[in-house]
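*Asks:* Using the hints, put the two chains back together into the complex; each one sits in its own frame.
So the sequences go chain by chain: A and B.
Numbering-wise, this note's numbering puts 212 at position 212 of the first sequence, and it's gapless, one number per residue.
Numbering-wise, this note's numbering puts 548 at position 289 of the second sequence, and it's gapless, one number per residue.
Among the clues, some could well be false.
[Said to hold, decoys possible] EDC-like, lysine to aspartate or glutamate: derived pairs with alpha carbons at most 20 Å apart:
1) A:K161 - B:E285
2) B:K267 - A:E113
3) B:K262 - B:E547
4) B:K469 - B:D481
5) A:K239 - A:E113
6) A:K161 - B:E283
7) A:K239 - A:D31
8) A:K197 - B:D522
9) B:K262 - A:E162
10) A:K114 - B:E547
11) B:K355 - B:E385
12) B:K267 - A:D31
13) B:K262 - A:E135
14) B:K324 - B:E518
15) A:K68 - B:D416
Source of the hints: derived by calculation from the structure; they are not laboratory data.
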Amino acid sequence: MAMSILTERIQAANASGRKAVIPYLPAGFPDGARFWDEIAALDSGGADVIEIGVPFSDPVADGPVVEKASLDCLTRGVNLAWILSELQKRKGGFKAGIVLMGYYNPFLQYGLEKLGRDCAAAGVAGLIIPDLPIEEMGPIRAALEGTGVELVCLIGLNTPKERLAMYAEAARGFVYFVSVLGTTGVRESLPQEVLAKLGEVRPLFKVPVALGFGISRPEQVAPFGDLIDAVVIGSALIKMIDAGGDAAKFMGGWLSGGK
Amino acid sequence: MQKGYFGKFGGMFVPELLMPPLLEIEQAMNTIVPSQAFQAEFQSVLEDYVGRPSALYRCPNLSNKLGFNLWLKREDLNHTGAHKINNALGQGLLCKHMGKSVLLAETGAGMHGVATATAAAMLGLECVVYMGATDVVRQSHNVRRMGLLGATVVPIDSGTQTLKDAINAALRRWIADQRTTHYCFGTAAGPHPFPQLVREFQAVISREAKAQFMRKIGRLPDYVVACVGGGSNAIGAFHEFVPHTEVKLVGVEAAGTGEPGCDNSAPLNLGTPGVLHGAMSMLLQTPEGQIMPSHSIAPGLDYPGVGPEHAGLQDSGRAAYGTINDGQALNAFHTLCRTEGIIPALESSHAVAWVLENAGSIPKDSHVMVCLSGRGDKDIGIIEEYEKKGKA
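The following block holds chain B by itself, in its conformation from the complex (with noise of 0.2 Å):
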């Protein structure tokens, strides 16, 4: 298979003045990645710093109301509350070891800005992160945690104005300041090695999950099911349980408002293969391949673009890709709350619903995993506007 290939998805689609810096992350990856003591490193931090392992917890509550065992990866205990945070110090720690000092950040939810500024403020390392004028002002809490951390924000007023325009930014960025800067893609997106290199990262997720169930009930889940935007938290909870394919994957995707026609944020499901930010994929987009503006209540989905390996999985059949409407994402936001004490993130919120709406067609008994990817704080505010709009 071609370099950075899932199938026919992937690629280094980027000007070639930013190929030398993806090649020299690809020998970082195949080189420093695997070394002893990077790994020892790594684990360490992984362990004293954010954590980890982090919870496999049964919802005692919801399971007996199901009829089946639903279990959940709480990636929301994490240090800064999130998934972003494996990845954020996986990368920031090859920065340093590349001989960088500055880590380069896009975010749209805020959780990867406020993952890298952490990484950063740990390492000693500079820090900039670009986000979406939209973003910022929906996501405000996270830009003061950004600011408390010691990072600069720089808001893009251009496009959409949401992730997709901060990627173009940070890019163009990078493009300028390659020789001091190392881009810690937020997703397992964009050009080769990024798809590679944030699973690498994100695997710790479902590497545990599996040593966790096999002490807790002696075999592998039925299910795991994750939230996609670009696709991180899905990638790293999928990748240990790709071979096994009693394990059925299930990706879920934002559909927006939910009627005919909406913006929405799922690609896989209704996009067609296409090139942006480096990579080909599924993607958003008009018949004359420009890019389309994405929507989902959930800020961290809100991408016109997912990870090329997703676009693989889907097309060899090994995972199937579903989708959940922004109601159905607050309702199950709702139910998670009440039933079992957890105030999840807009995004995980998405394969919560996915469960709740597709329990009929799951056997009872079954073990079905969610990677809980972030806690829900952040979207308060959201989701007291859009309540507020509700009555109104």
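Extracted from the complex, chain A is given alone in its bound form (with noise of 0.2 Å):
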């Protein structure tokens, strides 16, 4: 089997020296043509892998600040089919690997097989569906068959030894550790159960693990040595964006601190 291309990012990154930043923006925010500029700044920038916010009307997973940014973009018209169409039109055009994340109603009702055809067109290389846990994913996963689109998996803090050793065998891509028991934002400091709990996921995964959650500073990622490859960062972004900030400040802290 040929290597996801959101693997081959991650490690390239940790060749390099550094953990693989993979930043997230809901899709058409701050608005439906500035949202491309700054992905296309994230990807100049050096981010490794994108995640591309599908905005839901009832996102249970997010804190404040995404659920607002996502209802926003709902307000303006935002949806899978327009992400796709103008995904293809750049097709081919980033160097980071582009995910999608979004609750799994609206994939639902695109329709699965047609969504795993419409991402393989437009080029993205996998979806992160927060409400899908593994004894949801078979539909979806039979119609990724094939298609190079992988299904990236979430686990957290309190994902117990024999669910963790399912989703170690169903990860693809890389696995996303939700770093707090809590929904996205930006926080402090992470709980000092993190480090133990990597310490138990770590050797599991072949894939590359990746941690969110709670993430606002690089400092924030060095107690974590080893036992993470990557780092998504989603409301630290779409505040600096509200500050008046944009992605290419953004990615400039990111890549010089997040060694």
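*Replies:* So this is what it looks like as structure tokens:
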């Protein structure tokens, strides 16, 4: 089996002596046109994988910053068909691996078979679906079979050993470790137990481990050493853009400090 | 059949972080709930605290007028005034048995919030209730009741500020506080095992009704009719009758104002299959899968989804689901007030209205049971406002 572009990008970053950086932006934020400029800036600024959020009206795993940004995007008419057609126009133009992150229902309504085909045609390398635990993954995994589009699994602090083993078997591209028992959003510090849990997770997974939720500053990542391969940052990027900053400035901070 | 499914509906579509607490509840449902000790305690509080069995009352005046026997299963006579207390006490007891100290709930009309606050007070648990900001205003009486019972009410001002947003917020809180907290889900919807757990605690309605019918008329009723929002009173009223195919099961959804294309709360009639709040069920949604706003004059029915077992019962043809609009519900409300001296909740008024609207097709001398899920004191403000607008 060919190596996933997601695994490849993360391993390339690690080979150059740093953690891979995975920024997240909801599609259409802060507006339809500037969103693609920011994505291009994240890419040219060195992002290894870029997560594009597919807005949903009822995002239960998200905190207030991501929720508000997503709901604003919905009022601007953003939908999956628009995201995929815009990505198709830009196919081949990104160095980073492109991942869509969204809740299951919009993907389901799009049609799972069509989703697999259109994601592949648009250069999407993976999907992250936070409300799809391993018990419910069957239909979408079947639809993505042979398309080259990976389903990225999420695990967390409270995932017991037997479930970690199930996810280790299923994981493709990378595995997303949720750092807190909570929703997305910036936190001052991460719980101590994250280190212990990552120690349990690391040996079980063949794919890279990405740490996400609650991360805002590169120095938060240092204590994790070799236990993680990548970091996902969402709310901090949204807040920076909201405050007048941009993706280029954001990436600069991470590439100089995220080693 | 796959675990937690009713035909193609159900499942556990939740973030992985919620799987351990859901599996813990499933385990508790399969071991603690059937135990003799739990059942004895539950039956005792139902009898001595809730006031069960609730009456099965034949409406003499309406029955004469309609030409068939209209029976009301009087859940409105329960302590706190609705069927919600059956489930809240069941889950409250389970929370204690699981060694947790906080009962978390969401509420629309406020009745589940009041019931959970009551159960928490009685069982010595802390209680936090999430409620949409719109519902906080339109059900202020119940908000005051929850405060008196010692609960903390958290208003939610995101989204449509109604029940669905309260559920989103409660699920988020539960992700963070799962070690100490049991999420006392208020209806037979949500991820497995909630639809099954809530049905188990609400099935007391049909178990009693079945025995009462056998005692009073020597046979089962011809129809069982109940309103459906999330669907907990209806699934409780249906459950024991499901194997008896001679009993027609009718769920009644809220058609909103009734004009074509209006906001409504009738996903079984006007929705499409999709995933919300952890389950595959029928939903009010756009073709892109975004959840649409719902509407009903009855806040307890104002929800864009429905419990997956109802979607399964509809799909298999075992139950039928009709719709009633705001005006028809209000008409039935007044009819029951004036002819029988019973003030029903606006939710239950939808079920009464279905019987009145369909009386012509119900054979004479039939026995029709309506689950009168709650009492209408809470709705008097809404009704006054609605009627004032109508006259303006």
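*Asks:* Next step is simple, just say for each hint if it's right about the structure.
*Replies:* Taking the hints in turn, this is what the structure says about them:
no., hint, result
1, A:K161 - B:E285, "holds (19 Å)"
2, B:K267 - A:E113, "holds (18 Å)"
3, B:K262 - B:E547, "violated (28 Å)"
4, B:K469 - B:D481, "holds (12 Å)"
5, A:K239 - A:E113, "violated (35 Å)"
6, A:K161 - B:E283, "holds (15 Å)"
7, A:K239 - A:D31, "holds (14 Å)"
8, A:K197 - B:D522, "violated (47 Å)"
9, B:K262 - A:E162, "holds (18 Å)"
10, A:K114 - B:E547, "holds (14 Å)"
11, B:K355 - B:E385, "holds (11 Å)"
12, B:K267 - A:D31, "violated (38 Å)"
13, B:K262 - A:E135, "holds (9 Å)"
14, B:K324 - B:E518, "violated (29 Å)"
15, A:K68 - B:D416, "holds (12 Å)"
In summary, the structure is inconsistent with hints 3, 5, 8, 12 and 14 from the numbered list given earlier, while agreeing with the others.
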